[in-house]
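Participant: For reference, the chains in residue letters:
There are 2 protein chains.
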Amino acid sequence: MTRAAVITVGNELLFGETVDTNAAWLGRTLSASGIEVVRRYTVGDVEVDIQEALRRAMVDTELVLITGGLGPTPDDITKVAVADLCGRELVADEGLRARLAERFRAAGYDEIPALSESQYQVPRGARVLRNPAGTAPGLLLEEGNVTVVMLPGVPGELKAIVAGDFAPVMARFSGEALHHRLVHTTGIFETRLAEALEPAIEALKGPERSAIRLAYLPDQLGVDLRLTIVGGSSEAAARHCDAWLAGVGHVLDPWRFESASGDLAEAVVDELRRAGRTLAVAESCTGGLIGARVTAVPGSSRVFAGGTIAYSNDVKVHQLGVSEQDLHRDGAVSAAVASQLAAGAAQLFGADVGVGVTGVAGPGGGSDEKPVGTVWIGVSVDGDVETFVARYPGDRAGVRTRAAQAALARVYRHVRNLDGG
Amino acid sequence: MTRAAVITVGNELLFGETVDTNAAWLGRTLSASGIEVVRRYTVGDVEVDIQEALRRAMVDTELVLITGGLGPTPDDITKVAVADLCGRELVADEGLRARLAERFRAAGYDEIPALSESQYQVPRGARVLRNPAGTAPGLLLEEGNVTVVMLPGVPGELKAIVAGDFAPVMARFSGEALHHRLVHTTGIFETRLAEALEPAIEALKGPERSAIRLAYLPDQLGVDLRLTIVGGSSEAAARHCDAWLAGVGHVLDPWRFESASGDLAEAVVDELRRAGRTLAVAESCTGGLIGARVTAVPGSSRVFAGGTIAYSNDVKVHQLGVSEQDLHRDGAVSAAVASQLAAGAAQLFGADVGVGVTGVAGPGGGSDEKPVGTVWIGVSVDGDVETFVARYPGDRAGVRTRAAQAALARVYRHVRNLDGG
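Residue numbers (the working numbering), protein chains in the order written: chain A, 1 to 421; chain B, 422 to 842.
FYI, nobody ran anything at the bench for these hints, they're computed from the structure.
Keep in mind that a hint or two might mislead.
[Stated by the list, open to error] Partial list, computed: chain B residues near chain A (C-beta under 10 angstroms):
id : residue
1  : T423
2  : V427
3  : R461
4  : T494
5  : D497
6  : V501
7  : G709
8  : I711
9  : R714
10 : V715
11 : V736
12 : R821
[What the hints assert, rightly or not] These stretches of chain B come out as covered by chain A in the derived footprint (C-beta under 8 angstroms, 3 or more residues):
id : segment
13 : 430-442
14 : 791-799
This one's a predicted model, so the numbers in the text were calculated from it and none came from an experiment.
Backbone N, C-alpha and C define an ideal beta-carbon position, used for all residues, glycine too.
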């Protein structure tokens, strides 16, 4: 497999003013072509730093992509730095000059502006990769066994060149493709998931055990599993993944959800639609977060009946039918209130499934008995209500995010077990 | 100025499955403290690659931050790689073990699971930086003249540690401070803001004109202006910024808002509190987004009366008192319905200010007359209702986000002009 390095150039990347989305996009694009990115460097607009990164990359890899710093302004020095390191002088490329002149004429200029004259200078022997979306072309140099490709940093221009003149270059380096499949889980810690899963993987008998490389990708909302298969057709890879899931998937079942986007809310909307059921929410501490996530899914209007943001006790009692006595006795953060919020939401909006969430999101409001992070969640399905309590770590945002995710997860489990109707 | 390097670890970063937002965030955070990030490396979960990047970074810089690969699963090898390179064995940290045991007990475990035992192992002599948001602590090593800091890759955990135990470390490296002030605006394009602002800056007479470097930082929600002053005391910098704002601020007034976090919802909550008013929302196309943003602000319970997610016409009519005739005549996305949603929300929740939002978020549902992105917003203040319409660009998420922001901006303007009551 070809080993590649990516060098992204720009102070704005180091200072964090720009998030380096090019690097991620190039990583995906190259790995889909069976080219493995094994290094990435980000350096500022400093000639020696660009050269140092390039020198190192040329030792380690066969294909080096450098993006950024190819524009016409004084801080764009990538081309000069690369030409200098490779001992090549800059020369005018007449084809490039002609296309550039035409481009500027179309924009109402008589001639190429002085500032842009550098744009048709190329290192001697470089191949020009045309830029259909801007004035800075891509440039390709063969240096011994290494191919060095410079690409502009403007994402649209980068992508246009990669899809155009760079495509056959990429094809030349293409090795065995990397096939990925993501399996989404929520509601279980990475550690616990691995404890459950690793023995099941050990027990696998078929080729899928050795063929599949597994990575755990945790975030606040859950743990994704990435299955990777090197080489072969995408059909064969899909078969391996299916066999792997058939062998160990039962271990994942309590936490797994299926969603093209990876968003649990999408999975909930899909399941509600399949089951022919509707959902309503009554949100206290999550304050609209669950509704916002569900309605973010296109087509959710068919299954989302509505919701009430029930921040005050008054709203809980008068709109959602929570018992004043229970509120007084157990407090707003309690099983009774979560249960009545869930049932009340279902009733108020005429929905099959109701969700009620009430908790202490913090930073204030915690007590010994109910510390910050305590959340009661109720789910009512066709009139049967279930409640559970959790204590979430993190700040206000973290508690709310986790509570919303847990509520959606519970809805998903319940609805998945319902028949369509 | 201290030179720092950032190393981010993870195959998912090289393969582009994850965009490296941590690197950008660290860049911003460090440069705000006068620490210059001069290199960034991204390597896969490969021991020798981590070590090679670290070795190089330790030659070039005084402070090296490594993020990612500190979790408990087999692909997490950062700690082992660093300890090995630095010639330090891994030893159990008893304080860490105790906190970890407590954390797992709270999560229902009898003891620390075998897989997580690595989480309390630290390179000999390392300082533990506590992680309030997860199980993987930060670790700090002094290696000769270089300080090496390992931080977990989960963004929430990384940020929590940087804000906590890492803050004094960062302060120790702080160089000639960069003083920043952010001025927040919303509702105006970057170009237009610059057109209005630049002549006003040209007309400034005092030292604040030359002392202040201005950057425009646009995003989906608005344009922040970053004023930067290099060196001097923070008091002097604050005086320059005040003078600058006194001179040109009138140009910004129609779009500017004040908020410590930069979040407009926080500004709305502050103004409501100052004015002694309460807010309720009736959200159709935003589906709870405004409620979620307002209730994300600590202390919002004092000013947020509640909300209804009024996705269906039925809810609009029966809960919020929207006229069926108007709905039929003008459609759900109309001035009449936005106005009645706003007034209805205020009445239903007994609030002083009501907001109603109804629009076509897409991808479906658009028409020639009301294309995707068309949103009507109503704001009712003490019984007076104002409506306006906008057409937002972008996909479903973009339209919803912009509509919620515009509604909050209108509430902010109105409430700022109210006296406290």
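Participant: For each hint, tell me whether it holds in the structure or not.
Facilitator: How the hints compare with the structure:
1. T423: Because about 14 angstroms separates T423 of chain B from the closest Cβ in chain A, which is outside the 10 angstroms limit, the hint is violated.
2. V427: holds, 8 angstroms
3. R461: holds, 4 angstroms
4. T494: Hint on T494 of chain B: holds, closest Cβ of chain A at ~5 angstroms, below 10 angstroms.
5. D497: holds, 8 angstroms
6. V501: violated, 17 angstroms
7. G709: holds, 3 angstroms
8. I711: At about 7 angstroms, which falls below the 10 angstroms cut-off, the nearest Cβ of chain A leaves the hint on I711 of chain B intact, so it holds.
9. R714: holds, 8 angstroms
10. V715: holds, 7 angstroms
11. V736: holds, 4 angstroms
12. R821: OK, holds: R821 of chain B within 10 angstroms of chain A, min 7 angstroms.
13. 430-442: Coverage by chain A holds for the segment 430-442 of chain B (11 residues, Cβ < 8 angstroms).
14. 791-799: With 0 residues closer than 8 angstroms to chain A, the segment 791-799 of chain B misses the three-residue bar; violated.
Consistency with the previously given hints fails for numbers 1, 6 and 14, ordered from lowest to highest.
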